[in-house]
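Chemist: For this one, chain U is given, so just place chains G and C on it according to the hints.
Chains as they are written, first to last, in this note's numbering: chain U, 336 to 476; chain G, 336 to 476; chain C, 336 to 476.
Incorrect hints may have been included.
Stated by the list, open to error - Label-pair restraints from in silico Cβ distances:
hint : chain 1 : residue 1 : chain 2 : residue 2 : range
1    : C       : Arg356    : G       : Thr416    : 24 to 32 Å
2    : U       : Arg396    : C       : Gln474    : 43 to 51 Å
3    : U       : Gln369    : C       : Pro411    : 45 to 53 Å
Said to hold, decoys possible - Residues of chain U placed beyond 10 Å of chain G at every Cβ, according to the derived structure:
hint : residue
4    : Ala390
5    : Asp393
6    : Gly419
To be verified - Looking from chain U toward chain C, a few residues come up when the C-beta cut is under 10 Å (computed):
hint : residue
7    : Arg395
8    : Leu436
9    : Pro439
10   : Ile440
Quick caveat, the hints were computed from the structure, so don't treat them as lab data. Glycine included, each C-beta is placed from N, C-alpha and C at the ideal position.
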Amino acid sequence: MWAQRRITLDPRPRGFHLVTREVEAALPELREVQIGLAHLFILHTSASLTLNENASPDVRRDFESWFDAAVPEDAPYWTHTLEGPDDMPAHIKASLLGPSLSLPIRDGRLALGTWQGVYLCEHRDHGGARSLLATVWGQEA
Amino acid sequence: MWAQRRITLDPRPRGFHLVTREVEAALPELREVQIGLAHLFILHTSASLTLNENASPDVRRDFESWFDAAVPEDAPYWTHTLEGPDDMPAHIKASLLGPSLSLPIRDGRLALGTWQGVYLCEHRDHGGARSLLATVWGQEA
Amino acid sequence: MWAQRRITLDPRPRGFHLVTREVEAALPELREVQIGLAHLFILHTSASLTLNENASPDVRRDFESWFDAAVPEDAPYWTHTLEGPDDMPAHIKASLLGPSLSLPIRDGRLALGTWQGVYLCEHRDHGGARSLLATVWGQEA
Numbered sequence: 336m337w338a339q340r341r342i343t344l345d346p347r348p349r350g351f352h353l354v355t356r357e358v359e360a361a362l363p364e365l366r367e368v369q370i371g372l373a374h375l376f377i378l379h380t381s382a383s384l385t386l387n388e389n390a391s392p393d394v395r396r397d398f399e400s401w402f403d404a405a406v407p408e409d410a411p412y413w414t415h416t417l418e419g420p421d422d423m424p425a426h427i428k429a430s431l432l433g434p435s436l437s438l439p440i441r442d443g444r445l446a447l448g449t450w451q452g453v454y455l456c457e458h459r460d461h462g463g464a465r466s467l468l469a470t471v472w473g474q475e476a
Numbered sequence: 336m337w338a339q340r341r342i343t344l345d346p347r348p349r350g351f352h353l354v355t356r357e358v359e360a361a362l363p364e365l366r367e368v369q370i371g372l373a374h375l376f377i378l379h380t381s382a383s384l385t386l387n388e389n390a391s392p393d394v395r396r397d398f399e400s401w402f403d404a405a406v407p408e409d410a411p412y413w414t415h416t417l418e419g420p421d422d423m424p425a426h427i428k429a430s431l432l433g434p435s436l437s438l439p440i441r442d443g444r445l446a447l448g449t450w451q452g453v454y455l456c457e458h459r460d461h462g463g464a465r466s467l468l469a470t471v472w473g474q475e476a
Numbered sequence: 336m337w338a339q340r341r342i343t344l345d346p347r348p349r350g351f352h353l354v355t356r357e358v359e360a361a362l363p364e365l366r367e368v369q370i371g372l373a374h375l376f377i378l379h380t381s382a383s384l385t386l387n388e389n390a391s392p393d394v395r396r397d398f399e400s401w402f403d404a405a406v407p408e409d410a411p412y413w414t415h416t417l418e419g420p421d422d423m424p425a426h427i428k429a430s431l432l433g434p435s436l437s438l439p440i441r442d443g444r445l446a447l448g449t450w451q452g453v454y455l456c457e458h459r460d461h462g463g464a465r466s467l468l469a470t471v472w473g474q475e476a
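Extracted from the complex, chain U is given alone in its bound form:
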């Protein structure tokens, strides 16, 4: 079976946000799959998706601190500055984390580890709503 859906995520502040439940709720087709995959793809180049610790808000705050230190807005070498100081770092961060997640499905559910959650990584100061294209495929139950 194959299903594909566009999911719109509400605007969020710059930072790392747990969206596992929101994404699962938007994909009722997961329940039909015994063994399969879900591919989550963000249709933007200044926001990204990753998988990480789903319990402590500290972890998500520290993600923002590390990425801001590693990709500084005031680096002397930026030439693409027309869209604001947060834009070019956002592009770099987006590629470091990547635009997609491929997640295994088992018995009608995302088969994640106990501590794994889906993060929406918003790298812009005012990124607005973000769109995902989700594709689910696999062997039916």
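Modeler: Using the frame of chain U, we list chains G and C on its own:
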């Protein structure tokens, strides 16, 4: 349906290069797919693939600047130096960006966001031609 | 055809470890696939998977050096410090490299480049055994 093809990309200088059209043109099978995925896989460990902004050449130049600053050729800790100063940084950059892209297909085309393009990331000074193994699968139209 | 298997990797010291053969040996289903994909997914948030040079142990040692320098344990901005100084850097490293690899299958084997090998990236000092969920699917021979 399933298709798999080897795509050879001409040698390019060190840096980030937009190859979306070249890759699409090499995959006529995309047109047969209603809902599916395209997996692009680079068969090398010193070049990589990413998805980012497809309009401004500035962005691609700034990618090169950031990666060169973040993974310096003259770091004191490199021990794998036999293949030249650009080799070990190339391996690190390749893993930061990753060897593959999984892209959704919708109605016979890659379903990318408006500003998304496929980058070949050439991390060596003289990387030569680069080979991709592309796999396309999905539900036929 | 579809197959899904849990693979347990023995505890390894902090660092980068070549596990290609171990993973292939755990997936006899690869031999049944003519064209397909193998998805390797690590069920943890402080270890990761990547693909890189399979020959020189130097390369894997230099990976550890770069990641330790780029994500320092003593950075002043960490707030998630309860689980030890190696924990929060492990989360960042895990997301930089990613929790999964999607590898093409051709004629019953992983279709990797000559120099490509699968790395288990152990980012904790005492990470213990690590579990992968591997999914194999494709067109049968």
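Chemist: Which of the numbered hints are not met once you compare them with the structure shown?
Modeler: none
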